[in-house]
Amino acid sequence: MVERRLGVDGARRQPAPARRGTRRDDRRNAAVNQQEIDPVDEAAIHAQLKRRPRGIDSVGHRCPCGNPDVVTTEPRLPNGTPFPTTFYLTCPRAASRIGTLEGSGLMKEMQARLGTDEELAAAYRGAHERYLEYRAEVGERAGLDVPEIEGITAGGMPDRVKCLHVLAGQSLAMGRGVNPLGDEVLDLLGAWWESGPCVERPDAP
Numbered sequence: 001m002v003e004r005r006l007g008v009d010g011a012r013r014q015p016a017p018a019r020r021g022t023r024r025d026d027r028r029n030a031a032v033n034q035q036e037i038d039p040v041d042e043a044a045i046h047a048q049l050k051r052r053p054r055g056i057d058s059v060g061h062r063c064p065c066g067n068p069d070v071v072t073t074e075p076r077l078p079n080g081t082p083f084p085t086t087f088y089l090t091c092p093r094a095a096s097r098i099g100t101l102e103g104s105g106l107m108k109e110m111q112a113r114l115g116t117d118e119e120l121a122a123a124y125r126g127a128h129e130r131y132l133e134y135r136a137e138v139g140e141r142a143g144l145d146v147p148e149i150e151g152i153t154a155g156g157m158p159d160r161v162k163c164l165h166v167l168a169g170q171s172l173a174m175g176r177g178v179n180p181l182g183d184e185v186l187d188l189l190g191a192w193w194e195s196g197p198c199v200e201r202p203d204a205p
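So that you can map any letter, position 56 of the sequence shown is 56 in full-length UniProt numbering, and since no number is skipped, the others follow by simple counting.
Rather than coming from a laboratory, the hints here were simulated on the basis of the structure.
The reader is advised that the hints may include incorrect statements.
As the list claims (entries may be wrong) - Once the Cα atoms are required to be at most 20 Å apart in a straight line, the calculated SDA-like pairs of lysine to any residue come out as: (1) K162 - A122; (2) K50 - R201; (3) K50 - D38; (4) K108 - E118; (5) K162 - R113; (6) K108 - R160; (7) K162 - S104; (8) K50 - S96; (9) K162 - R125.
Model the full structure from these sequences, guided by the hints.
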């Protein structure tokens, strides 16, 4: 079973142009992929993370194979520690590919572009704002107030690039057109699910 209110500790192509300029009103309701966690999901996430899933609010995105690949998490641990990463990537296969991208120097390249491309930088700041808005919604549902991380998201946003897993997780959960750099990561990942599920999906009890 999911242990509630604990945090989760999981040849290069040119990216397609990111969709920018999405209206704020359209972005505000972009997080539409959430689904309630069921026992089969819990077991799959346990296998992906190799430990019990903790503090999950919902399934943020589901892989074409049927398993969750992103979960949304509550913003505070039961011991009082804030947990700012709302969209957490659980698929080990996608996470491994993203790790390879991080090792390729992609983050440094993206960081440099943020300093020269005003439109990209503005869209990235918008992704930061949407992240904050949705985390506030999760906190409100859970009855959690976390002022310690007010204004702080994850992945380096709003002006740095520090974790591509976070950016990809937001793009999967909220859909394309919200985080331009997360969208680029997804373009570079390709179809990581084509060889089959990363873990076997057990039968529901």
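Against the structure, the hints:
no.	hint	in the structure
1	K162 - A122	holds, 17 Å
2	K50 - R201	holds, 14 Å
3	K50 - D38	holds, 18 Å
4	K108 - E118	holds, 17 Å
5	K162 - R113	holds, 14 Å
6	K108 - R160	holds, 9 Å
7	K162 - S104	holds, 13 Å
8	K50 - S96	holds, 15 Å
9	K162 - R125	holds, 14 Å
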